[in-house]
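S.K.: Protein chains in written order, with the UniProt record's numbering: chain G, 1 to 252; chain H, 1 to 279.
The hints are simulated quantities; they were obtained by calculation from the structure and are not laboratory data.
Every residue gets a Cβ at the ideal spot worked out from N, C-alpha and C, and that includes glycine.
You can take every hint at face value.
Below are the DSS-like pairs computed for lysine-lysine, each with C-alpha atoms no more than 27 Å apart in a straight line:
hint: 1; chain 1: H; residue 1: K139; chain 2: G; residue 2: K249
hint: 2; chain 1: H; residue 1: K247; chain 2: H; residue 2: K195
hint: 3; chain 1: G; residue 1: K160; chain 2: H; residue 2: K122
hint: 4; chain 1: H; residue 1: K139; chain 2: H; residue 2: K122
hint: 5; chain 1: H; residue 1: K144; chain 2: G; residue 2: K249
hint: 6; chain 1: H; residue 1: K128; chain 2: H; residue 2: K195
Computed far set for chain G versus chain H, every beta-carbon distance over 12 Å:
hint: 7; residue: V8
hint: 8; residue: S38
hint: 9; residue: L83
hint: 10; residue: E88
hint: 11; residue: L95
hint: 12; residue: V104
hint: 13; residue: F123
hint: 14; residue: A184
hint: 15; residue: L232
Computed from the model, here is a short list of chain G residues facing chain H with C-beta under 10 Å:
hint: 16; residue: E145
hint: 17; residue: V147
hint: 18; residue: R150
hint: 19; residue: V151
hint: 20; residue: S154
hint: 21; residue: R156
hint: 22; residue: L157
hint: 23; residue: S158
hint: 24; residue: K160
hint: 25; residue: R162
hint: 26; residue: P169
hint: 27; residue: L244
hint: 28; residue: D245
hint: 29; residue: W246
hint: 30; residue: K249
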Amino acid sequence: MKRLMAVVWESWLPILLVVLWLVLSARSASFYFPPLASILERLGEEWFFDGIVENLVPSLLRILVGFGLALVVGIVVGVVLGLLPRFEEAIRPLLEFLRSTPGVALLPIATLFLGIGDGMKVFMIALASMWPILLNTIDGVRSVEPVLLRVASSYRLSLKHRIRYIYVPHSAPQIFAGARLSLAIAAVVMVVTEMIGSPGGIGYFILDSQRTFNILNMWSGIVMLGVLGYLLNFGFRLVEAHILDWHIKKNS
Amino acid sequence: MTTTPTPTVGKATGPNDALLVVENLGKSFGGHEVLGGINVTVRAGEFMCIVGPSGAGKTTLLQCLSGLTAPTTGAVTLRGERVTEPPAEMAIVFQDYSRSLMPWLSVLDNVALPLRSAKIGKAERTEKAMAALTEVGLKDHVHKYPWQLSGGMQQRVAIARALAYAPSIVLMDEPFASVDAQTRADLEDLTLNVKRHLGITILLVTHDIDEAVYLADRVLVMGKKPTVVVDLVETHLGPHRDQIATKATREFAELRSRVYKQIRRDDLTNSAGSIAAVG
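In isolation and in its complexed conformation, chain H is listed as follows:
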């Protein structure tokens, strides 16, 4: 792994260059500190998962990273430019697909809507939206309303909307938390394929350690509130992963227990139940 950072020229960013830089990011709500000084650098083209116990402020972190919420201290920069509002090259997939899609718009119109505000012509909008919907395997459902689809398919619509936006980085906030286990595995693999195919950077927040390890190139482990970074784990599981084979490897087991220990050490009291359930 080359560790020497290559200097970026203009907007060009090669693989492994710093894309999103988070420096000493803190967030308080009315004197109550939620994020306590986070430092992390997301590299271009990597899949980073942020994992931490429930209520660790992961969603707050994502909102600060995307410019939806202003941090109390510190700064977020994307390609060296400070993030103060949602950047044009960033897309977000929200947890709650049933509420993040417009029920009055067809699947196609949902995906194409952000392109309309980006002043892209109708023909090109449709073309891009169709390409994104094809990428997630929904090209036969484009004229339906989102609520006529299953939960997993709705979340794929949300993913297609992010892809059609042609971002360089996609933030995903617990995107598979409200679907059943089989659908969840399918969506995880879909996300991995899309990332490999399109070469985008993905930053995914989850409370599921297995999911984080399975998906990520690097796992960022968060502690309890006020949240700080506890560990940053490189996975080295390679670009091609398999729900059964990869999860059966020794590396996977070691990575998983390493992350567990970090979270457990920091959260002995709260997550006893979830450790028993998965351990």
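Extracted from the complex, chain G is given alone in its bound form:
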């Protein structure tokens, strides 16, 4: 019952907005703003299931691989820099500079060296979305309770076990906060790189539909993008709830 109430409480606004869109657009004669009913009809025809195989799956794979790389590199480099404060101080200006450069600004260079294929797209997603994870990991590792470090020393914990059982779990809440932001960045970069790249992918589909004046297709692609974003976020929350179980319970 409590669960049901929570679901109702979470979904009443989206449902209301969709219904409003449905009703208000029902008689629309505008070429650019077709009725939602037509968009949904096109969504069914275009995406189930050819479009999913042709465009959704490639997008999903790119963002998962890119974001996964960002996670691995961000956490590994973050732990190393967090453990080496002197070194981190020395390269912090460089980190800040790289971080402040909008990821997509490197797109021309990336296409020059890596082409317009999957390699470039995954690279760009990983590079642009790595920063919040990296910086939050550094902060997390820095803020480990000094008493715990004394415990680790007095019980002669190996460096590997200190990282695995102290530094990383302590930083996990912060890493997840960064990763949530990273996931949003990854989605943006995914769409942008697909728009300039080779065929295949939701971004490509949306831009291609717009260029060929297939406005219904374009809208259906945008809706699919929303669905993809929602699913990614949902999956992210499942993983977070599982890994941060202790943190969520402790703070509730």
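Once you've looked at the hints, dock chain H against the given chain G.
M.R.: What follows is chain H alone, placed relative to chain G:
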């Protein structure tokens, strides 16, 4: 009491042999002297309490003894070997249980973690951790997170972690300072029982004179900064002690006032409040 020291052969140490030897230990922080040349010998199998006024550098002393901090002068040796890093046969129980346990690990995993680094297999780790948790009366709470337990139970987890490590000596830094009076008495008795049962050596730092006398075979009394040893008192209260009966004996009262006088003489200005409170 036999006072002739028997020579130690290899790692074997009999009861009353010197286990931890502290020679002329001094520690300064930036020219500010905290410890001013401490000499003491902890015997194998004894319960020694270090008592002194707040801010006497007791924690600093413990950190030097455990190898967590390097002393400025002098040396600490454990079984004749100089302590430069935390030794494998020494375990520490810290004052702040809420911060010394990993909130993301279950009680069992907290206790078993040091054994993992000691390269002990999973089955044996679990077995040792369970035995230690049973020893402190927590075998029904092993799958909880530490913060789901009361303060006293959390400190018992920390004690179990020390026991599972199978040390020959346990250092305890004000271990019962942050629990209520009843829990404190329970933990004191638990510590005495565990020590008697396992035959380990315990070195406990406290600012509470009653606690020091109640627990210890010998009480090391420290003065103000720069801290030196003011007195070393043998208690002779026997292995079995009782919170009410033992504390009602004349010996206990005499020991307590002897230690009080030593601290008072050295700390007339600072501890007037605490003397009034307990005296």
